[in-house]
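So the protein sequences, as listed, match chains A and B.
When we follow the working numbering, the leftmost residue of the first sequence carries the number 1, and every step to the right adds one.
When we follow the working numbering, the leftmost residue of the second sequence carries the number 1, and every step to the right adds one.
The set of hints was computed from the structure by calculation and includes no laboratory data.
Hints should not be assumed to be uniformly reliable.
Residues from chain A that face chain B, not an exhaustive set, calculated with beta carbons under 7 Å [stated by the list, open to error]:
no., residue
1, I3
2, H94
3, N153
4, C157
Okay, the calculated bits of chain B under chain A, using three or more residues with CB under 8 Å as the criterion [said to hold, decoys possible]:
no., region
5, 134–146
6, 191–204
Which chain B residues stay away from chain A? Per the calculated CB distances, all over 12 Å, these [claimed, not checked]:
no., residue
7, Q88
8, L90
9, N131
10, F154
11, P158
12, D165
For each residue, glycine too, the CB sits at the ideal point set by N, CA and C.
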Amino acid sequence: MAIQILDMRMSEHISIATDDGEEINNGSVLFVGDIGIQTLAVVGTPNQSDVRVWLSGTVTVHRPGGINSPPPNVELFITRNGDGTPTSGTQIYHMTFNSGTVNVTVSPISITACDFPSVSIVAAGQIRYTLFITSASPPGTGDLFLFGPVAFNGIACAGSN
Amino acid sequence: MLCQGAIGSSNRPLYANPLTLQRLFLAEWDKPRREFIHAEYVVYQKGVHRLTIQFLDVRLSEHMSRVVVPPIAIDKDKALFIGDLGVQTLPVVGTANQANVRVWLSGVVNIVRPADVMGLTPSLRLFIMRNGDGTPASGTMIYEMFYRLGTLQFTSSPISITASDFPSSSIVSQGQIRYSLFIIAFTLDEVSGLYVQGPVAFNGMAVAGSN
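Throw the hints in and build the complete structure from the sequences for me.
Structure follows, in structure tokens:
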């Protein structure tokens, strides 16, 4: 069945870099992106089994100066059809970021993820994707901050010619 | 109205019939525009005129969806094949938009450099081949990027790729364009000390035409 564009959705958590940022630590998982991509146009058609979803985003983090602790890993992950909490849904993507042995950095982290949802998932007419960020650092260490911008977008397409 | 005004401001008895005047006047006044419209129509009929914007395809290649343990070493002798997709262009083949296709390629490759590496400062080279056969030396190179961490260690670095391609009419005519992504190390050491850690994703989108 011919190629169909289904939907494009965007989630912009922070559009302008913040002054101090929010600490990223292992005490909590920050909810930084959330989109619902609609698939209704293919439900009940042959293209229902041929949906592909491209997820893309950028998250900017800050590592201040004067920090002597080992650089913590930033952990980013995407869940599908969760309820907005990090342990719900299916994890479809997991990425780590580490700025390494350098201080005073502001690093935009790029994300590109793909999803090929099954017929039963597509049948619901909408697929929810949620982006979370956390780190390996204990709370109060002050070695990683979510500065922004943060954006998380998705586009869905189906079929083949 | 313009014609009536012309009559009112003229006492010349050249055109006794106002309708004739109007017809002649309009004919002269409108001639360039009519000729232009006609020319545009002829061009359109010949298929030279651009069609409206068409969405063609989105294709995805996800080599790794998450961080893998152990990571995969990046060698200096052998390029790793980490992305492959075929973007379809069939709807524009044989139409005016065949000559006006654009492809956006985008991806992220996550690289790790462990803490215990004491080597030099290796470079990474990422490149995209168009219509190759899956080997790094085949096809046409359309994008090449270098990445260098310097003396930094203990890093996990997502490398972002954005490439553009404007395939020629003959390439588009095949109905599908293959794009393959490779990564290789440039280093003076035996090993680069750099690894593909994942995730790795490489996507493409094609659009044609103009309004």
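Evaluation of the provided hints:
| no. | hint | verdict |
| --- | --- | --- |
| 1 | I3 | holds, 5 Å |
| 2 | H94 | holds, 4 Å |
| 3 | N153 | violated, 11 Å |
| 4 | C157 | holds, 4 Å |
| 5 | 134–146 | violated (count 0) |
| 6 | 191–204 | holds (count 6) |
| 7 | Q88 | violated, 5 Å |
| 8 | L90 | violated, 4 Å |
| 9 | N131 | holds, 17 Å |
| 10 | F154 | violated, 5 Å |
| 11 | P158 | violated, 5 Å |
| 12 | D165 | holds, 17 Å |
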